[in-house]
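Chains as they are written, first to last, in UniProt numbering: chain A, 1 to 404; chain B, 1 to 404; chain C, 1 to 404; chain D, 1 to 404.
Simulated from the structure, these hints should not be mistaken for lab results. Some hints could be false.
When chains are identical, the list treats them as one kind, so a pair holds in a single copy or across two.
Stated by the list, open to error - Below, simulated EDC-like cross-link-like pairs (lysine to aspartate or glutamate); rule was C-alpha separation at most 20 Å, straight line:
no.	residue 1	residue 2
1	K82	D99
2	K82	D109
3	K82	E96
Protein chains: 4
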Amino acid sequence: MTDDSDLTTGTAGGTGGVGVWFVGAKGSVATTALLGAHALRARLAGPTGMVTELPALEGAHLVGLDDLVTGGHDLSEVPYRKRAELLASQRVVPRELVDALGDALDAADAEVLVPATAATVGEGGQAAVVDALVRDLRDFVRRHDLARLVVVDVSSTQPPLDPSDETLAADLATPESVRSAWEAGRSPLPLSATYAWAAFEVGASFVAFTPSPGVDLPAVAEQGRRAGATWAGSDGKTGETLMKSVLAPMFVQRALHVDSWASFNLLGGGDGQTLADPEAVRSKTATKAAGLAAMVGRPVPGPLHIDNVPDFGDWKTAWDHIGFTGFLGTRMTLQFTWAGCDSALAAPLVLDLVRLVAAAAEAGRTGAVTELGFFFKNPSGSDEHALGEQWRALLGLAEELGRR
Amino acid sequence: MTDDSDLTTGTAGGTGGVGVWFVGAKGSVATTALLGAHALRARLAGPTGMVTELPALEGAHLVGLDDLVTGGHDLSEVPYRKRAELLASQRVVPRELVDALGDALDAADAEVLVPATAATVGEGGQAAVVDALVRDLRDFVRRHDLARLVVVDVSSTQPPLDPSDETLAADLATPESVRSAWEAGRSPLPLSATYAWAAFEVGASFVAFTPSPGVDLPAVAEQGRRAGATWAGSDGKTGETLMKSVLAPMFVQRALHVDSWASFNLLGGGDGQTLADPEAVRSKTATKAAGLAAMVGRPVPGPLHIDNVPDFGDWKTAWDHIGFTGFLGTRMTLQFTWAGCDSALAAPLVLDLVRLVAAAAEAGRTGAVTELGFFFKNPSGSDEHALGEQWRALLGLAEELGRR
Amino acid sequence: MTDDSDLTTGTAGGTGGVGVWFVGAKGSVATTALLGAHALRARLAGPTGMVTELPALEGAHLVGLDDLVTGGHDLSEVPYRKRAELLASQRVVPRELVDALGDALDAADAEVLVPATAATVGEGGQAAVVDALVRDLRDFVRRHDLARLVVVDVSSTQPPLDPSDETLAADLATPESVRSAWEAGRSPLPLSATYAWAAFEVGASFVAFTPSPGVDLPAVAEQGRRAGATWAGSDGKTGETLMKSVLAPMFVQRALHVDSWASFNLLGGGDGQTLADPEAVRSKTATKAAGLAAMVGRPVPGPLHIDNVPDFGDWKTAWDHIGFTGFLGTRMTLQFTWAGCDSALAAPLVLDLVRLVAAAAEAGRTGAVTELGFFFKNPSGSDEHALGEQWRALLGLAEELGRR
Amino acid sequence: MTDDSDLTTGTAGGTGGVGVWFVGAKGSVATTALLGAHALRARLAGPTGMVTELPALEGAHLVGLDDLVTGGHDLSEVPYRKRAELLASQRVVPRELVDALGDALDAADAEVLVPATAATVGEGGQAAVVDALVRDLRDFVRRHDLARLVVVDVSSTQPPLDPSDETLAADLATPESVRSAWEAGRSPLPLSATYAWAAFEVGASFVAFTPSPGVDLPAVAEQGRRAGATWAGSDGKTGETLMKSVLAPMFVQRALHVDSWASFNLLGGGDGQTLADPEAVRSKTATKAAGLAAMVGRPVPGPLHIDNVPDFGDWKTAWDHIGFTGFLGTRMTLQFTWAGCDSALAAPLVLDLVRLVAAAAEAGRTGAVTELGFFFKNPSGSDEHALGEQWRALLGLAEELGRR
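For reference, chain A alone in the conformation it holds in the complex (with noise of 0.2 Å):
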């Protein structure tokens, strides 16, 4: 398969632009951000909510929305145009704007593959099911002659690895191990991972929007870094911990004491039927309260619940109660309600990681791209949480791939 690090050198790469595969591709998400990229090509809509688009990030010469080319993996067989109406019908998007995109959304079905699965690829165990992933990437990538490949985990919550399963760490230890694992018939990599595995052999880059385990695990980050990948992750932030990551520097920099956070999401849709189920919250849940302790310096008491109210549809409610101390212990309080619609808030920050990571492998860089942490409620290889230091970052990041 290394004949395929083309993709990662530039050299030998297609000219037909940068490929963006969704792993989720009928999702709320990937829908979203799929009838945005059409709508913005086509002048419809403006570039509100798109980071890339904002004058601070112009002279980073990034690839074009025009030059994006999408497919992906999903397992439902629902057309775009249906799962966009529905999205209208949730007020995700403008009814108007799938009406006169209907066309776009119809040709996008093709690119949209059914995933193989230990039940599809017979005896061959998790090793064919990586094998056929890649055959699914390297044909998208010949198809559309791309220079370069970004795969977009956008997929349902997978819940986190069982610490204490000794075997499972031994064998996600190298990427040697993983391979004497399949040898012996294991399956060690979640879900989520064997997208991140393939998209390396593939020598594409990798976006875990997800909070899934995947390319953060020992093999498969060293297997990105053997195939000089680049990647960026994970756990897109949209909403609550958004506000997190500005309010908590906000309490640490006027020296007030943080005595109590508490924090209730209330969301309906997919999403907020994956997050029931207390096994695949758990991933959330860790993801959210880490950052807000490292901001804070200390943990900081105060439950955390994310519930599922089918009602709410694709948007998501959070509501925060902070309690705090000032000068000669006098308590305060601050509350906010947060009422946002995921799909537009992530839909736009996909296009922008793809951008963004596709323009740093074409920069040379490989590894963890960490001043994309200001995306990330659980940045890769950065433990910094407070937006305005990410937004330095991230324009320092602009300003180094403005000089290509």
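Got chain A sorted already, so can you dock chains B, C and D onto it with the hints?
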């Protein structure tokens, strides 16, 4: 009066410490600051709320709280102990501290003077009032053999000047035009400016913690520059505007379009009474709205009300509702409710500013210390309102001061 | 004109059903009510929001929605379909309903007339304007062979009368004084009252859904009584005031002392524009504050603001902050945020009121139907504002109507 | 033990007043009630928060606060003065009252006994524990020559019974089965029920202010009926559920469809610690959810969390988010934040209940006083949860009692 410039040059100054002269010495902020300074000295309270006690500012070599000497002007002759007991009954300060520090409070009463007014100085007019203020400051410096003096305006908010009054504008153009107006029997300086003028006459620094017109008038600023004085202002940023200064940059950096920002402030106490006067409130709402527009890059629609609700006492509750648009025109909202105690938030910042302005003067700085915008709604000499940027500027100042 | 009293007596009336004549027929409320009535008839929507469809009111023998015939006055000639599409774009009504019921909307356009004004009637003055309105109503009744007619004022809010205008007060004392004023060339009736007067002239019922001065003026009410007409008003209770009407009794019944009640209303749309006019808003804030005082038994301190924020469209967000004291003086707070769609809340109540007022007229009631206070901020003929008590009164009326 | 039924018949009772026996006498609620009763007697505080002091209940001829005699059981031997000072430091009661009433608090310590437990009674088991409680109550009555006694459970919440435990269910079926279980060496009564049982043994009334299983168990209720006792319960309605009991009827009466109701409770103090136990919290969440379903007429989706946040002390903040649908399917939201002091809300209601239950007993009532549902989340003997209806029932009771 030029023989007092020793405070500025620092060559002939005393060695007894740094003086703090409160304009509005019996108000809630000054009383809380006084009580707090004594509590910290006596190790009865920790430094929560004091920015200058953060590890990040440790190297700035600021004056110790033990070396501060306080005094001030106030029309009220209510003893500090009584004022502090009232604040305790409103939950602004702990009753235990008031009981423990009663003697220190009693002792402080002697250093608070009733200021001269047009009525008490007889025929001399505003020039005579200023002269009397100068005498009070000079006596205070000599009495305590002070090395430096910082005059801090924490008195009631005054309305902004009438922009259509052309005579007044001409009178306030230069120090000379002020003096000519005095000779012609006019009193061009607003009350807050008479204190700034007097401070500069004795070479003291000046901190404008209220939004009153004072140090930013052309004649007064020029008077300060000629005296080689330092100053900082204006209008302490303690609650709702503090929140704006982290939230507005967040929206901007995420390319989200702020459609409207409605701000409602409920407060009681003396501040509430003052701001119930529609004239006085103009000063406050003007500085509040300007900062938001500067951060967002355009005026943002939405009402801004400040209402007096007597039962709130010294507490303030602010409710803000922000309507914003994301990708493809999706509308979302953020609301917050801030319930804070204004004096408890302001008092430690006043102590911070005294230490920082005194150190800046010591380091040879003159004019507005623009790196102190972190503390203000309407930063003198700067148009930067984003807290993150202001924090970086403050750290830069601390580093510069540390090199003394 | 007395030959139209057949509507009142019911003896000579037609048999074609109950007519609804909207003053402000192209406004958001009337358009939503019209669309909703057609949707319910076509079984395309359920009766959510309609009080008269609750099981508790089943026995009242009200007119079926199929038997309502609508028409009205409006200065705007924008077609209903366009108005409804605009409402759909603001999420007030579902786009699907507008598409499905387009023909019915188009047909309704023919029944909306541009009303006569002082300019169009020439020399005749207000008497001629009223005559023209009467002719329009009479034509409508005859055209559809109506058994009854209910005129509903859902037009823009008008300011309250100037209480210091003594001539005006004298002119509005009796029907005779109004006519004398007309003869003297004056126009004493405010616009909303001309419609009430005209309604009573033809023996129709009148519903004042806005706070405009109309049916409660002495001359107009007397005119109604002499005509044997029924009416209900004023100012539909749909959001914040509805909340007050259950929360204030709760505090009172629990012996908790309400210290302050601050009310902030943000709204856009046509209502927002009208209420941005400080004169018009007085009408609204006056009725809002009076109800609270009546329930608590004394005026309650606290500001009440209504602000126009264009991006809210037809939606309204109200934030209320209630400070209250419990046992031994302990101070507590309640806040609520109501985010409602005014037209969606008002429209079904308008249909409810038409049915109830028509039935009351049918049952021989004359004058203000005081049991309908449940629907209003400023209930005609009643000082009861607590929703629970108003609900009981409504149930009593339903029972009385059921005995017909 | 039947010679104590004099308390019930009132014929042989003493004349010294009405006794109040607190189970959990040193808890926050009992301490606040005790302090408050003394403050009211001494005219140091007004009756805010006491329903029985409202003019509407004036005619009910209730016992004066001067005629109440208090005592109780508690495992804690911390003096009342200390407990009250702690409450003052948490802003539950004013420090000034504690200082002024210190002697009364000290005197009250003597009437609080450490209750018998299985460990202290030796071999006798639960029967012996109950006997010991009975002796304590009887001694209290004799010591103060009481005319009546009301036992009030304000102790920590206990978990509900295990519904799958069939032996337990059989043991709790009748008074006889309880006694048989005792003879067989089992202890079927949950702790709270032992107090109810003992109260009924001496003919006292019982008030269940916690959600613990007690008076509503079949055996215990039957025991109460046989003793001719009166009782009321359970689980005082003081905050979030109080709000629900006015808001849910509002939605229902306005025909608005409640889609979801999310409830979040943050509290500290002893109650917070108890409810941090997932078993104990079940008791509370069950009664909270049932009332809402009863009022809306069906279960309403949405999470209900109760979280312990230590820095809240005796204060509770509840945030509720209600999603509802109006006419034509338009979705709207209501949020509220209630920040209350639980003990300050509960204590006066406890005094109210003592007075009302005593009067009901005096008037010859036996069994659950169903008209007291106004005070409870889980009203004994009633399925009415709407506050308005409960208020009417309470007024009816007051009228009945006034006819004595």
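Query raised in the report: Are there hints from earlier that the structure breaks, and if so, what are their numbers?
Result: none
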